[in-house]
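Colleague: Chains V and Y, in that order, are what the protein sequence lines are.
Mapped onto numbering that gives the first Met the number 0, the consecutive letters of the first sequence carry residue numbers 0 to 355.
Mapped onto numbering that gives the first Met the number 0, the consecutive letters of the second sequence carry residue numbers 0 to 262.
These are calculated hints, taken from the structure and not from any lab test.
Any given hint could turn out to be false.
DSSO-like mimics (lysine-lysine), calculated; alpha carbons at most 27 Å apart, straight line [stated by the list, open to error]:
| no. | chain 1 | residue 1 | chain 2 | residue 2 |
| --- | --- | --- | --- | --- |
| 1 | V | Lys-62 | V | Lys-159 |
| 2 | V | Lys-153 | Y | Lys-49 |
| 3 | V | Lys-256 | Y | Lys-245 |
| 4 | Y | Lys-94 | V | Lys-160 |
| 5 | V | Lys-153 | Y | Lys-196 |
| 6 | Y | Lys-173 | Y | Lys-159 |
| 7 | Y | Lys-159 | V | Lys-153 |
| 8 | Y | Lys-159 | V | Lys-159 |
| 9 | Y | Lys-209 | V | Lys-159 |
| 10 | Y | Lys-196 | Y | Lys-73 |
| 11 | Y | Lys-159 | V | Lys-256 |
| 12 | Y | Lys-188 | V | Lys-256 |
Facing chain Y, from chain V, some residues (calculated, C-beta under 8 Å) [unchecked claim]:
| no. | residue |
| --- | --- |
| 13 | Arg-79 |
| 14 | Cys-232 |
| 15 | Asp-264 |
Glycine included, C-beta positions come from ideal geometry on N, C-alpha and C.
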Amino acid sequence: MLPINKKIFFVKSKLIKMMAAMVFVVIISSFSVKHFSAEPMQINIPSNFPSPVYDFKNNPLTKEGFELGRKLFYDGILSRTGNISCGSCHQQASAFIQADHDLSHGVDDQLGRRNSLPVFNALFKKSFFWDGGVPLLELVPANPLENPLEMDEKLDNVIKKLNASATYRTQFKNAFGVDTVSAKEFFYAFAQFMGAMISANSRYDKYVRHEGVQLTPDELEGMNVFKQKCSSCHTTDLFTDGSYRNNGITNDFSNDKGREEVTLDPADRGKFKVPSLRNVEYTAPYMHDGSFETLEQVLEHYNSGVKESATLDNLVKQNNGKTGIPLTKTEQQQIILFLKTLTDKEFLIDKRFSEL
Amino acid sequence: MKSILLSTVFLLTACYLFAVIPPAKKDKQKKSTVTLKFNNVFGNENFEFKKEYTTAFGEKLTFITLNYFISNIKFTKKDGSEYIVPQDSSYFLVKHPDSLSNIIHLENIPEGKYTAVTFTIGVDSVRNTLPIAQRSGALDVGAAARGMYWVWNSGYIFFKLEGKTVNEIDSLQKRFQYHIGGYGGYDSKTINNIKVKTLDLKELTVSNKKQPVINVQVNIAKFFDNTTPIKVAEHRSVMWGDLSVKIADNYFSIFNLGDVTYQ
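When you get a sec, could you build the whole thing from the sequences and use the hints?
Modeller: See the structure below:
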């Protein structure tokens with residue numbers, strides 16, 4: 000039996016030990032929270048653009064995360080054969096599409112079914128790919144990665160390969176503070192790189208933002224014709240309403256049903272995403288199947304080549320029952336002159352987005 | 000450093016308070032564990048890969064894949080009140096023959112008498128649309144959920160059955176595969192194969208002394224022999240499409256209560 004005051008002392012010393020332990024735990028945990036300190040990165044949302052869809056709320060944009068996304072984008076490690084990267088089919092000099100290929104080339108030189116789409120301004124998109132099958136930016140890379148005609152890999156295998164690389168593990172730790180890479184950080188890095196890839200410095204942009212650029216009379220006339228004849232679908236300064244439409248490229252959908260493949264609704268047969276027209280001067284070939292080589296062919300298609308089918312969009316039909324959007328040769332040329340003002344030359348050579 | 004100091008002081012104060020004040024009886028409700036065990040069978044036989052089975056239509060088959068998601072589990076009492084397993088810890092992937100994956104231990108189930116258990120075969124539509132941060136564990140598309148996710152048409156595959164038909168000459172034609180999913184669509188309505196199953200338990204006693212094991216029988220023979228008869232020769236590959244709705248109806252009815260034992 001201890002004297003009372005000794006008992007109190009005993010309790011107190013226990014408390015002091017506990018306090019000391021707590022101090023230790025707090026200090027240790029504060030270190031573990033601070034063991035990575037990625038540098039925050041800012042992006043400017045162009046004043047003439049709609050609000051972004053992806054908000055980086057769960058995935059704060061950092062220099063390290065962005066650079067990691069950039070490295071992954073250009074690394075063949077994502078493909079089964081090790082030689083096809085995202086950059087293989089999304090080339091910067093061609094505004095991030097695959098030049099000279101109507102359909103994308105994947106592993107073992109296989110041909111994809113559709114023409115690759117540009118990847119910039121992904122931050123503002125409500126859905127991805129020609130059929131809109133992927134609604135979230137974060138999940139976009141999984142699609143080409145696992146497509147047997149593109150990279151033909153498995154996501155879990157890529158995660159294993161990344162964890163087997165000391166360099167990647169260090170980079171993931173620096174960017175996201177993790178010791179082991181998981182799909183989450185993989186997708187986050189991509190969302191940061193693709194999300195920061197904004198193209199908004201064309202002559203058109205500088206004209207509408209009053210940044211000291213004037214368009215020529217022909218370009219302005221082209222803009223007027225464009226507004227009358229094209230802007231119902233190619234809306235806003237993203238130049239797309241994000242909808243799916245059948246624009247009469249074909250009336251045979253046996254090879255590709257378009258949006259119907261996602262919704263299983265026959266009313267969506269042959270409908271494809273209205274693409275943005277930014278940098279369109281550089282994104283040939285055109286349409287989901289890459290069927291047109293030049294903008295002249297595209298404009299002539301709308302004038303005289305639209306094919307009738309059950310799901311043909313009303314906006315490419317005329318009141319007299321004919322298909323298409325009547326455009327004189329002069330109007331076509333003026334529209335093309337206007338479309339070329341949407342070229343963002345700074346973006347096409349911006350070193351931040353280039354292969355290292 | 001200042002913030003560390005402040006948080007230390009705060010924590011120490013909190014510790015001190017906990018040390019001197021006896022813990023309040025904040026939680027009178029005692030809790031126990033319930034186990035859900037999914038037993039795959041083929042009619043009266045055990046279900047095994049490589050073993051040969053004959054369907055009601057005389058087709059001879061072997062199996063190579065049987066995976067399904069079980070999620071959103073809840074227990075109902077006689078008075079209609081419910082205990083819902085916290086959603087973030089209510090996603091499970093049963094992967095035959097992984098003998099750990101088919102046994103789902105649910106802890107912290109309040110003691111009492113329950114009359115029904117309800118679960119989703121598949122993954123609810125909300126979870127199919129959440130950002131990657133809310134897709135961990137069984138839902139991790141880069142690990143556990145390998146092969147149970149459509150990358151081109153974002154969404155989980157709820158139920159996957161694959162195998163081979165036996166005694167055919169053309170080896171290329173031997174495989175069959177059923178990948179069933181569909182949560183109703185993100186921005187356009189489409190097919191919804193989410194199936195919510197309720198099993199009548201009569202009276203299930205949950206207590207520390209009686210920890211129940213609910214055995215759920217999953218009869219793969221009835222996957223084929225059901226409202227929509229599935230002849231493999233006619234439907235070798237069913238994935239994203241209208242027939243998947245009928246197959247989901249078929250497999251909805253193959254999950255049935257076996258017996259309940261106590262540990």
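Colleague: A separate judgement is required for each hint: does it hold in the structure or not?
Modeller: To see whether the hints hold, each was checked on the structure:
1. With a C-alpha separation of about 24 Å, the suggested pair Lys-62 (chain V) and Lys-159 (chain V) falls inside the 27 Å cut-off, and the hint holds.
2. The straight-line distance between the Cα atoms of Lys-153 (chain V) and Lys-49 (chain Y) is roughly 25 Å, inside the 27 Å bound, and the hint therefore holds.
3. Annotation: proposed proximity of Lys-256 (chain V) to Lys-245 (chain Y) holds, straight-line Cα distance about 22 Å (limit 27 Å).
4. With a C-alpha separation of about 24 Å, the suggested pairing of Lys-94 (chain Y) with Lys-160 (chain V) holds against the 27 Å cut-off.
5. Between Lys-153 (chain V) and Lys-196 (chain Y) the CA atoms are separated by roughly 32 Å; this puts the pair beyond 27 Å, and the hint is violated.
6. Between Lys-173 (chain Y) and Lys-159 (chain Y), the direct Cα distance comes to roughly 17 Å. Compliance with the 27 Å bound is thereby established for this hinted pair.
7. Between the alpha carbons of Lys-159 (chain Y) and Lys-153 (chain V) the distance comes to roughly 17 Å, so the proposed pair stays at or under 27 Å and holds.
8. Our distance criterion of 27 Å between C-alpha atoms is met by Lys-159 (chain Y) and Lys-159 (chain V), whose separation comes to about 24 Å.
9. With a C-alpha separation of about 43 Å, the suggested pair Lys-209 (chain Y) and Lys-159 (chain V) falls outside the 27 Å cut-off, and the hint is violated.
10. Between Lys-196 (chain Y) and Lys-73 (chain Y) the alpha-carbon distance is near 11 Å, which keeps this suggested pair within the 27 Å criterion.
11. Under the criterion of a C-alpha separation no larger than 27 Å, the hint pairing Lys-159 (chain Y) with Lys-256 (chain V) is consistent with the structure, at around 25 Å.
12. Only pairs whose Cα atoms come within 27 Å are accepted, and Lys-188 (chain Y) paired with Lys-256 (chain V) is accepted, the gap being roughly 17 Å.
13. The interface hint given for Arg-79 (chain V) is broken, as the beta carbon of that residue sits about 14 Å from the closest beta carbon of chain Y, more than 8 Å.
14. Interface hint at Cys-232 (chain V): violated, since its Cβ lies 17 Å from the closest Cβ of chain Y, which is beyond the 8 Å cut-off.
15. A distance limit of 8 Å between C-beta atoms decides the matter here; for Asp-264 (chain V) the minimum to chain Y is near 7 Å, and the interface restraint holds.
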